[in-house]
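Student: Here are the chains, one letter per residue:
2 protein chains.
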Amino acid sequence: MNKKLTIGLVGFGCVGSGLYEVLNKSKLIDAQIKTIVVKDKNKKRPLPEDHFSYDVSDILKDEEINVVVELINDSDAAYEIVRSAFNAGKAVVSANKKLIAEHLDELLNLAKENEVSFLYEGAVAGSIPVLRNLEEYYNNDSLTSIEGITNGTTNYILTRSNHGVDYSTALKEAQELGFAEIDPTLDVDGYDSKYKLVLLLKHAFGLSVPPEEVVNIGIRNVTKHEVAYAREKGYRIKLLSRAEKVKDRVVGFVAPQFVSREHSAFEVNNEFNAVIVEALFSDKQLFIGKGAGSYPTASAVLSDVSALKFDYAYEYRKSEEGKTLTFTKDFFVKIYLGSPFIEAINEIPFYQIDEVYQSEDYAYQTGWVRFSELEQFNFNQRKELSLIVLPEPITSGEQLIKKSKERKFALLETSIV
Amino acid sequence: MNKKLTIGLVGFGCVGSGLYEVLNKSKLIDAQIKTIVVKDKNKKRPLPEDHFSYDVSDILKDEEINVVVELINDSDAAYEIVRSAFNAGKAVVSANKKLIAEHLDELLNLAKENEVSFLYEGAVAGSIPVLRNLEEYYNNDSLTSIEGITNGTTNYILTRSNHGVDYSTALKEAQELGFAEIDPTLDVDGYDSKYKLVLLLKHAFGLSVPPEEVVNIGIRNVTKHEVAYAREKGYRIKLLSRAEKVKDRVVGFVAPQFVSREHSAFEVNNEFNAVIVEALFSDKQLFIGKGAGSYPTASAVLSDVSALKFDYAYEYRKSEEGKTLTFTKDFFVKIYLGSPFIEAINEIPFYQIDEVYQSEDYAYQTGWVRFSELEQFNFNQRKELSLIVLPEPITSGEQLIKKSKERKFALLETSIV
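Line by line, the protein sequences give chains A and B.
Position in the first sequence (from 1) plus 181 gives the number in this note's numbering.
Position in the second sequence (from 1) plus 181 gives the number in this note's numbering.
Be careful, since some hints might not be right.
Pairs count within a copy or across copies, as identical chains cannot be separated in the list.
To be verified - Straight-line alpha carbon distances no greater than 30 Å define the calculated DSS-like cross-link-like pairs of lysine-lysine that follow: (1) 465 - 353; (2) 184 - 504; (3) 584 - 515; (4) 490 - 293; (5) 490 - 465; (6) 206 - 428; (7) 206 - 465; (8) 428 - 405; (9) 353 - 225; (10) 426 - 225; (11) 584 - 184; (12) 206 - 426; (13) 428 - 465; (14) 490 - 426; (15) 465 - 293; (16) 515 - 465; (17) 185 - 293; (18) 222 - 465; (19) 215 - 490; (20) 206 - 504; (21) 184 - 224; (22) 206 - 510; (23) 564 - 184; (24) 490 - 428; (25) 405 - 583; (26) 426 - 242; (27) 504 - 185; (28) 184 - 293.
It should be emphasised that the hints constitute simulated quantities derived from the structure, not laboratory data.
Bound-form chain A, shown alone:
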């Protein structure tokens, strides 16, 4: 108990350097960063050169180092480093959602074999302690849904969009502020939100879902038309990671969504993240905090490091419940689908159409679609199609299937001509 922590830090970017500062400034934890491994020898850094090493084996071979904090972008390299760290008997703290979403079960097994901890609070929703709360606080409550804004970059862009700034200008702003990468694909196409959702599925429902099983639709195609629609209806557009339990099935997806003023995410703007947990007994809980930035993520990493002093490890107490649950894409959701091209809208099978609109240069349609049938259309690549989920609750859709069978050619009859 309360053991001495000697840290090998891999990566000295935004979060890594934040951690260094936080650890030095905060006197509340007795842990020391002994070695910092970085890749680029020629990059100018804020610390003297003797703080750095360029060879990760300097950390792995150092017996004094008992914690490896992995904070690099390259998830393939991170995979090797984390594996090696476990094999060398070192605990690992990581904030690499892609790595963890893709390899969680394997890495967990390896950590277990080597009797070391693997903590990654910083990987989900920045400074919000959502994993810790799921592990420690909701472990004996039955969760019904978890959803949230888990990506600060897209929330910043959408906040600007909701204020009338067009997508590319907002993206450029986010890049200048350091919120968005030069290649923003992971953020704006919803991959980052998806990786986080995969981790939430594990901790909230005990489900191991490969990321490729989860559909992610991003915000690249949100145009002024969708923003106008939102304003007209009193909505805002938010990119949500959603998971819901319906009996013994769990639905999970990432998509932009119109949220009304009553939705807890409505007022969560700029780079802030939010997580909404609904449970049988504790009812609805909302957590809001900064999801991007050096310090907020570093503080989450630090709290993991601090927990290692007491050999803390996640218990994955929902794993038993997970065995009784199935992840599914077979559910119905009400969407808005906009496009300059009517034919593009007509490609998508609607089971019920509620609203159609057409002007000279734009059309949209709202109604119910079967989510499993959307995947094939690859919305992130279809610049001409804007899909946004509407606020109505998802359903298993028996009614809709029945109705669409009764009304033959219903789609044809009501579709835009």
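Got chain A sorted already, so can you dock chain B onto it with the hints?
Tutor: Frame of chain A, contents of chain B only:
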């Protein structure tokens, strides 16, 4: 580790019966309520009589029972029960904020002597896991402020007031809904919020502050005039528990406050609670959840019970920092003060007056007052005086003191004639 828990439950009211149900319905925790002690033999109860005992020593003497869950209203009786439980070597879970606020250090010492845990998450902000997060997650971050809506009853009443319902009607509604007691003093005069603030001061700043040291001003005197003022300015009225660190001093008080749309508590309505934590590194965090009701509080109690399986105990890691801090009432705050009687307003010393208003039947004044000078006026007993804190940040007030010395008779000159 993972020991068998056999519970003696004291009290079977709203929360106690909720706990019984939650424990029976949730299959995720292996703990059993063996004995339920209640006071009134004649009360009709939803369980067969053989579940109940009327003598607390049935629990204390039962060696199989290792956890006492104390959920009664009478804090003096609770004090004796909790002490006896510790002396009998049993862990205690309580949701009794008055008891804990008044006797925390003494009870902690006793728990320590007997090597048992004392957990009380349910005592603060219902289902929001604020103590656990302060203990486990913010333990290595430096907190700058913590504030929140910690009382569901008054938030319900104020939500109705903000909608134009007058205070006594709103109180009656709250009583009918089971949110408010027949004697609502503890809630509406801010005592309940104060007890919770005392617990937050302990866990956030390591300070042991006796409740009588903390000023609590309630909502009894909020009239239609204050509601109209709020509407005019785009504010809402909320009863806030506030604690702020300014250098090595910590300010803490309970008072109704005008909050603007930008304030995180603005949209927290009805019986919901909110806690806002500001820290050096993790920045601003907001937690929202249900603060009143059987299940939400019972779920907090259950999560404490569950933590006892692993012999969890609070560590009070801020205690060291607490030794360097002083609790103070000597600060300046901008207030609104309304009354039908001008003389009543003029009794209160303002260091700077910003706004005065007078009509035939009502007057108000806004400006800066020294908080330590307010205590003597006993606002909860002064039905003719409505004090509401304005959104401006509190200050140490050097400027104001200087100014008021320069401007002799300033108050007289500008006060309402």
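Student: Taking the hints in turn, state whether each one holds.
Tutor: Outcome of the hint check:
| no. | hint | verdict |
| --- | --- | --- |
| 1 | 465 - 353 | between (36 Å within a copy, 26 Å between copies) |
| 2 | 184 - 504 | between (35 Å within a copy, 24 Å between copies) |
| 3 | 584 - 515 | within (15 Å within a copy, 62 Å between copies) |
| 4 | 490 - 293 | both (18 Å within a copy, 22 Å between copies) |
| 5 | 490 - 465 | between (32 Å within a copy, 25 Å between copies) |
| 6 | 206 - 428 | between (48 Å within a copy, 16 Å between copies) |
| 7 | 206 - 465 | between (36 Å within a copy, 18 Å between copies) |
| 8 | 428 - 405 | neither (38 Å within a copy, 48 Å between copies) |
| 9 | 353 - 225 | within (25 Å within a copy, 67 Å between copies) |
| 10 | 426 - 225 | neither (49 Å within a copy, 37 Å between copies) |
| 11 | 584 - 184 | neither (64 Å within a copy, 54 Å between copies) |
| 12 | 206 - 426 | between (43 Å within a copy, 17 Å between copies) |
| 13 | 428 - 465 | within (18 Å within a copy, 36 Å between copies) |
| 14 | 490 - 426 | between (35 Å within a copy, 27 Å between copies) |
| 15 | 465 - 293 | neither (33 Å within a copy, 35 Å between copies) |
| 16 | 515 - 465 | within (23 Å within a copy, 34 Å between copies) |
| 17 | 185 - 293 | both (21 Å within a copy, 25 Å between copies) |
| 18 | 222 - 465 | neither (49 Å within a copy, 36 Å between copies) |
| 19 | 215 - 490 | within (16 Å within a copy, 36 Å between copies) |
| 20 | 206 - 504 | between (44 Å within a copy, 19 Å between copies) |
| 21 | 184 - 224 | neither (34 Å within a copy, 53 Å between copies) |
| 22 | 206 - 510 | between (47 Å within a copy, 29 Å between copies) |
| 23 | 564 - 184 | neither (54 Å within a copy, 57 Å between copies) |
| 24 | 490 - 428 | between (39 Å within a copy, 29 Å between copies) |
| 25 | 405 - 583 | neither (36 Å within a copy, 54 Å between copies) |
| 26 | 426 - 242 | neither (45 Å within a copy, 44 Å between copies) |
| 27 | 504 - 185 | between (38 Å within a copy, 24 Å between copies) |
| 28 | 184 - 293 | both (19 Å within a copy, 22 Å between copies) |
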